[in-house]
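Novice: For this one, chain A is given, so just place chain B on it according to the hints.
From first to last, the protein sequence lines are chains A and B.
Each residue of the first sequence is one higher than the last, beginning at 1 in the working numbering.
Each residue of the second sequence is one higher than the last, beginning at 1 in the working numbering.
List of simulated lysine-lysine pairs, DSS-like, C-alpha gap at most 30 angstroms:
no.: 1; chain 1: A; residue 1: Lys174; chain 2: A; residue 2: Lys113
no.: 2; chain 1: B; residue 1: Lys137; chain 2: A; residue 2: Lys268
no.: 3; chain 1: A; residue 1: Lys174; chain 2: B; residue 2: Lys137
no.: 4; chain 1: B; residue 1: Lys232; chain 2: B; residue 2: Lys249
By construction, these hints were calculated from the structure, which means they are not laboratory data.
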Amino acid sequence: MTVKLQSTRPSRGIRGGFLEGVAAERVVSITSPVLLLLLWEALGRAGALDERFFPTPSAIASTFAQVISSGELIGHAWTSLKRIAIGFVIGAVPALLLGTLMGLSRMLRAALKPMVGVFYPIPKSAIFPLLLLIFGIGEASKYAIVAIGVFFLVLLNTMAGVLSIEPVYLDVGKNFGAGRLSLFTTVAFPGALPLIFTGLRLAWGNALILIVVAEIIGARSGIGAFIWNAWQTFQVERMYVGLVMISFIGYASFLAIDELQRLLIPWKGGRTG
Amino acid sequence: MNAPRKEMSVSPKEARDGVAGITVRQLGMRFRFGASELVALEDVNLCVPEQEFCCIVGPSGCGKTTLLRILGGLERPTSGEVQLAIHDPERPLTAMVFQEQSIFPWMTVEENIGYGLRMRGVAPNLRRPLVSHYIEKVGLARFAKAYPHQLSGGMKQRASVARAFATDPQILLMDEPFASVDEQTRALLQEELLRVWEANRKTVVYITHSIDEALVLGDRVLVMSARPGRLKAEIEVPLARPRSVYELKSTPAFAELVARVWGPLRQEVLASFHTLAVAS
Numbered sequence: 001m002t003v004k005l006q007s008t009r010p011s012r013g014i015r016g017g018f019l020e021g022v023a024a025e026r027v028v029s030i031t032s033p034v035l036l037l038l039l040w041e042a043l044g045r046a047g048a049l050d051e052r053f054f055p056t057p058s059a060i061a062s063t064f065a066q067v068i069s070s071g072e073l074i075g076h077a078w079t080s081l082k083r084i085a086i087g088f089v090i091g092a093v094p095a096l097l098l099g100t101l102m103g104l105s106r107m108l109r110a111a112l113k114p115m116v117g118v119f120y121p122i123p124k125s126a127i128f129p130l131l132l133l134i135f136g137i138g139e140a141s142k143y144a145i146v147a148i149g150v151f152f153l154v155l156l157n158t159m160a161g162v163l164s165i166e167p168v169y170l171d172v173g174k175n176f177g178a179g180r181l182s183l184f185t186t187v188a189f190p191g192a193l194p195l196i197f198t199g200l201r202l203a204w205g206n207a208l209i210l211i212v213v214a215e216i217i218g219a220r221s222g223i224g225a226f227i228w229n230a231w232q233t234f235q236v237e238r239m240y241v242g243l244v245m246i247s248f249i250g251y252a253s254f255l256a257i258d259e260l261q262r263l264l265i266p267w268k269g270g271r272t273g
Numbered sequence: 001m002n003a004p005r006k007e008m009s010v011s012p013k014e015a016r017d018g019v020a021g022i023t024v025r026q027l028g029m030r031f032r033f034g035a036s037e038l039v040a041l042e043d044v045n046l047c048v049p050e051q052e053f054c055c056i057v058g059p060s061g062c063g064k065t066t067l068l069r070i071l072g073g074l075e076r077p078t079s080g081e082v083q084l085a086i087h088d089p090e091r092p093l094t095a096m097v098f099q100e101q102s103i104f105p106w107m108t109v110e111e112n113i114g115y116g117l118r119m120r121g122v123a124p125n126l127r128r129p130l131v132s133h134y135i136e137k138v139g140l141a142r143f144a145k146a147y148p149h150q151l152s153g154g155m156k157q158r159a160s161v162a163r164a165f166a167t168d169p170q171i172l173l174m175d176e177p178f179a180s181v182d183e184q185t186r187a188l189l190q191e192e193l194l195r196v197w198e199a200n201r202k203t204v205v206y207i208t209h210s211i212d213e214a215l216v217l218g219d220r221v222l223v224m225s226a227r228p229g230r231l232k233a234e235i236e237v238p239l240a241r242p243r244s245v246y247e248l249k250s251t252p253a254f255a256e257l258v259a260r261v262w263g264p265l266r267q268e269v270l271a272s273f274h275t276l277a278v279a280s
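Chain A with its partners taken away, still in its complex shape (with noise of 0.2 angstroms):
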């Protein structure tokens, strides 16, 4: 008796298909959103959706033409990426010194993590109204509040990098003369490297929500006012233009997140994002 083996694949998959693996997911991830705004624009037309809660993709895609090409939008993203770069820098770098420090001595973990605990689950929205107090109704305020969320996610990330490397790591380090700043640049800081970049991942996405609350809250610039300006002025249009110009956003410096990380982290081998 014979048993004959086959592909768990199913052979037009591979051959004699249209369309062959990798390609026809590409083709299926670009087509799905297609369809489903053009189902989105057809609702409208016809009538079965609210236009005053959901304008047709292309009346947004016409208002999203007229502020770009007006350099309106382009100036509020602008104003909003800067707030983020500058917070985001603020934040990022004491908190990875100060993580790697932590997960590098037991001392001063045990000395801050019940402060970092405490402070850590606080909602970085609601401390907002005492930034705004405390730097005013500025820049600094927006930088504070991006800087603060950024800190705590980089700091805990980066602390639980450089506990996770293999103690084996320190020992080649301690044997072969490493003095503590060695230690630090050439073990500690590149073992912990994937989880940090976890970290900024994760604060670069709690960025973009803060300086957007931020913006909504107290200010007269950036993304997060252009799309208060438009609720205040009901042009729908226009509040959507922002949600995709955020979306945009976000989406762009993910793929450049994921490519630093490739070319920080080569060792990391047969990653992709």
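Specialist: Just chain B, lined up with the frame of chain A:
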């Protein structure tokens, strides 16, 4: 960079004629876990002459690795003393090859092998020839720029042996470096190690659980007792060098040596079985 070593209570001593490479006296090591205490090593006395390849065998959990970590300055003993003779203050005292995968995943093979030199402040242009010499010697020249995830287990261990040799330490400490590679690769790695070692005969302390490996490599084999670890027996290995791993194993002299090591070791393995059974 001898600073961390000094505080580890290993006292380096100027070498004089007749001073052994390694002298260990009444060494004891206790670990405390809450209320209970584990005696890992008790009254260990050991003397390893210069240029000797000294192998230590013993049952699992007998404290072999702890002894090696003390010699390497990674643990501080609770009692007793360790003296390591210094010949050349310019060279590092010890370099260790660890049992588990220990080459840094975030460095290329050549960066890994040059690590010890870099930590000692050797300039890159002076490092390069040394690194490529040892990369060549362990047969990894084609993989100089590769990251460890692209290498097999045996290749990683070769890289970590090369890293230890590259710093030109006075004493080489090896903790079952080839335990996790397959039999055939292990034989090749052993031959390679012998070749590299015979070129400059460093003092070596080599931990293993394999009698064959201890006899193939060592000038002398020490048998450690079950916990608490003590040195129980000592067997000289009068086999001529250079040795060939495969040929050696089929000689009657080798078989006789195996029996002489297995005698004292067997009791200890049985004893450690017993303690494990009682503990569980």
